[in-house]
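*Asks:* Now for the letters of each chain:
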Amino acid sequence: MNVELRGITKRFGSFTAVNNVNLQIRAGEVLGLLGENGAGKSTLMNVLCGLYAATEGQILIDGNPVSFAGPGEAIRAGIGMVHQHFMLIPVFTVAENVVLGVEPTGPLDHLDLVQARAQVREINDAYGLEVDPDALIETLPVGVQQRVEIIKVLFRSADLVIFDEPTAVLTPQEVVEFFAIVRSLRDSGKAIVFITHKLGEIREISDHIAVLRRGEIVGHADHPDAISEADLAELMVGRPVSFDVKRNPNPPGEPLLEVADLTVLNNNDDVAVDDISLMVRSGEIVGIAGVQGNGQSALVEALTGLTRVAGGTVSFKGKDITRASARERHRMGFAHIPEDRQRTGLIPAFSIAENMVLDSYYDDRFSTGPTMRWDVVNKAAAHAVVDFDVRTTSVFDAVSTLSGGNQQKVIVAREMFRDTEFLIASQPTRGLDVGSIEYIHSRIAQARDEGDGVLIVSSELDEILALSDRILVMFKGRIVAEFDGATADKATIGLAMAGRYEGAAA
Amino acid sequence: MSGNKRQTDGMYESLLRRAAPDRTAWEDLVVVPIFAVVVALLLGAVAMLATNVDLATVGRSYVALVSGSVGSFNAISETLTSAIPLTLAGLGIALGFRAGMFNIGAEGQLLIGGMAAVITGFSLPGLPMIVHVPLVLLVGALAGGLYAAIAGWLRAATGAHEVISTIMLNLIAYRLVDYLLRLDFIQREGRSDPISKSVLESAELPRLLTWLDPNLRLHAGVFLMIGAVIFIHWLLFKTRLGFEFRASGENPEAARYAGMRAGLVIVLAMGLAGALAGLAGANQVSGVLGRASPGFSAGIGFDAIAVALLGRSHPWGVLLAGLLFGALEAGGRQMQVDAGVSIDLIGIIQALIIVFIAAPLLVRALFPWGFSKARPSAKE
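Line order of the protein sequences matches chains Y and F. Using my numbering, you'd call the opening residue of the first sequence number 0 and step up by one each time. Using my numbering, you'd call the opening residue of the second sequence number 812 and step up by one each time.
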């Protein structure tokens, strides 16, 4: 199936999300669609999937103009999308999830799961997907769940498959397997659209590349080797980008945070952090790599005083702080950038100023007796907004009105706009545009250069590699490997993240 | 150099400027409640017509509703008298909402507070009024607060949901009051029915308008109401504790991450909410009823939930909503007298108002000309 987008424009009120986009999507080829968050990639694909009606322009399938009144019609026309967030029911089996909404039924509405299973097997065999149709979704690793989503799309006989940021949730090994699946889909004649903001991946998998910025196609490459990563980045962002975080080679100082034999249980009393020991010196960035869900969140909660530890000790500058509360640690100079800015980092309905003092409002600077000194808070917030380049018109604007990058800058400003000694940053740049990533990385490096100890937890290996002086790899609650930041190699760390590293563990 | 400095100063100044209130936010806060009241009154008329009340009587009853609520000194006095406990208890509920808690227990807290106030009111003869009245109010607030704090503590310590526990505490409060009213120490001498002794004159909230007409019931509780509105406004928006309440209510996880003590916030917020309900109970026994009888709370604690919802959990909004509900109460009584329409109709109208408040999109659809056309489109 060949699909052509001709002059597609989508406006929301006066805002133009997609402007006059022309694209060719051909059978047996992978089109890589590159762009930052908010560039209009998702809007464009939602038009193609029938979720939005285009304001102007035409969609042609095999030369015939079509229009979709809803997603159902697009699916019937053979367009399928694998969303970034999976839409699976955890307590159902693979086969049950695949047939959901298009269940094969017999007389009296009897659900024909035998047929469903057989069809899942058929698709399995055709593309080498290796998914057990009877497995419960909740027992499957994320990479396999993604394959279930792919089966769902193929089950609905899609000839065009759109992947929206498909690698965000995968380990490096899973990415390799995923790419193999994409190639086998392509070779069987499907048309593929691959949406991403990752430069390396797009060059590896795409046959053609289109770059989207502010709703417009700003660049094309008919062959991935025809364009360099730096050029792609410049097209995407609109200015030259530097990927190297400037780091001064200052030697690390005294041990700042020492963790010994730390064990933490999660809410179900399962071991989340299993007997971990680690140390962070002042002036050093330690990166914790690992696939999400291997105990990183519990480790961070324990180190910041948000959860009780089951065993082991945490000490800071030689003092035992295992039982110190989050606020006590905050007073000692801990800064914490939480992993989920919407859920734990910010109060979206509150103003920027209120969010700026969320964890320091009790300080004498911001309150006298029982009353808040809002005038002081607002002025301090205005300074922090300027200093940390938060793009807003007023400190009284609700944080929910800001873009993701600016929301994250509010958190970074709140945590670092004071004298800190130790910074814990969890997924500090998740889902951000390149410009914001660059900026936040430079502030983290600056904190290190000023002598702070820094612990970065991230599932983005590139981020860990760009920032860390030392890299620890977490797998199933344990630290399974340690690498020097300067010499670490991506492939080896990737193996360790999958629990397949045979070297000496830290 | 100095030009540069001026430029940055200008930047800070503009950052410290508040944007004009968003039109849709204003519409949701002000226009929707007004239309909700209008639709509820219209549907109230429909309900009357559907039950064979003729049009003239419908008209007469709404005239009575207006004249009974604002049509005379007596009407205004009655409206304010009814509004006082609704506003006090409504403030408590609103405070709970702001802190993320749904306190269904104002009724029980009001009963317990009122009971404690009655006992204080009749058992301490010889106190001067200037001591006795504040003492009665304080004891009522304290008792209501402690009673509500039980639900708060259960939530903080065990995770028991406050909706369930406050409902149960309401039932306990009803029966506890029935039981207490038959104790020799409390029951009025020579009575076999459960009714308490009357509070002493020194424990009565003084009436304010008897110099105009000895029948005007408006009492000093009205100052209590206005004082409570101002205090809660100050507490919520100007204090550290209020910031903690609001943060915990909006996003408890973020509040926990910011080092706020969730358990303490829950117990304090429930305690304060209960204190306001207890104050409403003390206000009733000391300003209106003069004694306690079974079910003397008269559903005020439940109406207060509606008042808090209608007032959008904002102290001044609660005051306006309390005045409106007070007016409906007072006017409803007049309606019953003048037009023979049951006061239950007022209950229906009050309930309808809340239904429409809870469904702003419905109100927008019914009155498209009352709202700006362009809804802000969803951002990408």
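It is worth saying that the hints were derived from the structure and are not from the lab. C-beta atoms are modelled at their ideal positions from N, C-alpha and C, and glycine is treated no differently. Among the hints, a few may not be true.
What the simulated footprint calls covered on chain Y by chain F, stretch by stretch (three residues with Cβ under 8 Å from a Cβ of chain F suffice, anywhere in the stretch; the number is not a length) [to be verified]:
(1) 93-103
(2) 318-329
(3) 476-484
For each label pair, taking beta carbons as the anchor points, the in silico distance ranges come out as [unchecked claim]:
(4) F:W1045 to Y:N266: 37 to 47 Å
(5) Y:Q341 to F:V849: 31 to 41 Å
(6) Y:G105 to F:I1159: 23 to 33 Å
Reference listing, derived: stretches of chain Y covered by chain F, where coverage requires no fewer than 3 residues with Cβ under 8 Å from a Cβ of chain F [stated by the list, open to error]:
(7) 227-236
(8) 344-354
(9) 392-402
*Asks:* Hints first: check each against the structure and report whether it holds.
*Replies:* Against the structure, the hints:
1. 93-103: violated (count 0)
2. 318-329: holds (count 4)
3. 476-484: Our answer is that it is violated, as 0 residues pass the Cβ test (under 8 Å) against chain F, missing three.
4. F:W1045 to Y:N266: 37 to 47 Å: holds (38 Å)
5. Y:Q341 to F:V849: 31 to 41 Å: holds (38 Å)
6. Y:G105 to F:I1159: 23 to 33 Å: violated (50 Å)
7. 227-236: Since three or more residues must qualify, the claim that chain F covers the stretch 227-236 of chain Y is violated, with 0 doing so at under 8 Å.
8. 344-354: holds (count 7)
9. 392-402: Check passed, 5 qualifying residues.
Comparing the model with each earlier hint shows violations of hints 1, 3, 6, 7; every other hint is respected.
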